[in-house]
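Protein chains: 2
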Amino acid sequence: MIVHIDLESKDPIYTQVRNQIVEGIAGGKLKAGERLPSVRAMASDLGINLHTVNKGYKQLEKEGFLNIHRQRGVVIAPEGITKADAGYWEELRHGTRPIVAEAICRGVSEAELIEMIRDTYRSFGKGGETNGNGDH
Amino acid sequence: MIVHIDLESKDPIYTQVRNQIVEGIAGGKLKAGERLPSVRAMASDLGINLHTVNKGYKQLEKEGFLNIHRQRGVVIAPEGITKADAGYWEELRHGTRPIVAEAICRGVSEAELIEMIRDTYRSFGKGGETNGNGDH
DNA sequence: TCTTTTGTTATACTTATAATATAACAGTTA
DNA sequence: TAACTGTTATATTATAAGTATAACAAAAGA
Chain A
1 MIVHIDLESK
11 DPIYTQVRNQ
21 IVEGIAGGKL
31 KAGERLPSVR
41 AMASDLGINL
51 HTVNKGYKQL
61 EKEGFLNIHR
71 QRGVVIAPEG
81 ITKADAGYWE
91 ELRHGTRPIV
101 AEAICRGVSE
111 AELIEMIRDT
121 YRSFGKGGET
131 NGNGDH
Chain B
1 MIVHIDLESK
11 DPIYTQVRNQ
21 IVEGIAGGKL
31 KAGERLPSVR
41 AMASDLGINL
51 HTVNKGYKQL
61 EKEGFLNIHR
71 QRGVVIAPEG
81 ITKADAGYWE
91 ELRHGTRPIV
101 AEAICRGVSE
111 AELIEMIRDT
121 YRSFGKGGET
131 NGNGDH
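Residue numbers (full-length UniProt numbering), protein chains in the order written: chain A, 1 to 136; chain B, 1 to 136.
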């Protein structure tokens with residue numbers, strides 16, 4: 001099992017599920033075309049309700065990470081994830097702004113912050129290229 | 001007025017208030033020892049409830065950005081903001097992890113991501129040093 | 001002294017979100 | 001046929017977000 005739930009976390013359970021699957025894809029542990037457990041199986045494994053899992057899955061589908069065929073199951077987007085567009089970049093900037101601001105307030109230098117981001121990026125290994133799309 | 005509210009945003013209003021004050025400090029628009037509008041004045045200006053403003057203020061106080069003297073008003077922490085400690089770094093890594101993961105999934109390169117972070121960091125100017133604490 | 005202003009506390013209400021609990025439906029696959 | 005799939009529907013509980021008043025106590029200003 002890939003997903004682990006922290007019931008003490010401030011993050012909602014469905015968000016934890018969503019994030020860990022995204023991280024799994026980024027790290028190459030989950031590959032394009034690979035099938036995920038059914039909502040019932042995942043819910044049972046984690047000891048939570050199937051609707052909570054379904055909520056995470058549906059969000060991932062909306063974001064382009066998953067394809068959900070009605071009776072065929074849940075699959076990591078086989079044609080690869082939707083690449084960064086203008087809307088995503090805007091959202092990314094909006095999300096990082098307050099984080100960077102607080103870091104500055106707390107005396108974190110530009111170099112320190114970037115080093116941390118770089119380490120995080122590299123902690124996912126070379127999982128980025130794992131979505132085997134020739135693209136063009 | 002420094003704070004602007006977007007009622008369409010997914011971010012709660014008190015979070016918008018909180019974030020914009022942090023960004024104001026990071027950018028040097030708000031300086032250590034400077035006084036903020038009273039909860040009533042701010043609430044009236046923004047057309048929202050005073051408790052919503054108070055919630056943002058209280059969070060900022062808890063995080064060490066503000067000092068709130070009972071009848072003296074709300075003041076940007078005069079002795080400077082609490083510097084980054086182990087707990088903060090942990091929180092920072094936890095908050096950035098899913099963001100970095102999604103960026104990787106969307107084909108954002110390490111260089112692109114870091115460039116964006118660097119631009120954001122520098123967009124706050126040299127506001128970092130503005131809390132005039134001799135410290136040492 | 002009196003009035004105003006301050007953050008604070010208390011109570012109440014509405015709305016939205018998160019999470020759970022069942023149950024049933026309609027195709028798919030074994 | 002039987003088991004499994006995501007989906008839909010309904011209901012309930014708990015928590016968070018936001019608003020609305022009202023009152024309190026201490027400090028500052030006139």
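Since the hints were derived computationally from the structure, they do not count as laboratory data.
Some hints here could point you the wrong way.
The list cannot tell twin chains apart, which means a pair is met if one copy fits it or any two copies do.
As the list claims (entries may be wrong) - Cross-link-like lysine to any residue pairs, in silico, SDA-like; alpha carbons within 25 angstroms at most: (1) K83 <-> G73; (2) K83 <-> G95; (3) K31 <-> V75; (4) K10 <-> T52; (5) K83 <-> M116.
Which hints, by number, does the structure contradict? When the structure is compared with the hints, none of them turns out to be violated.
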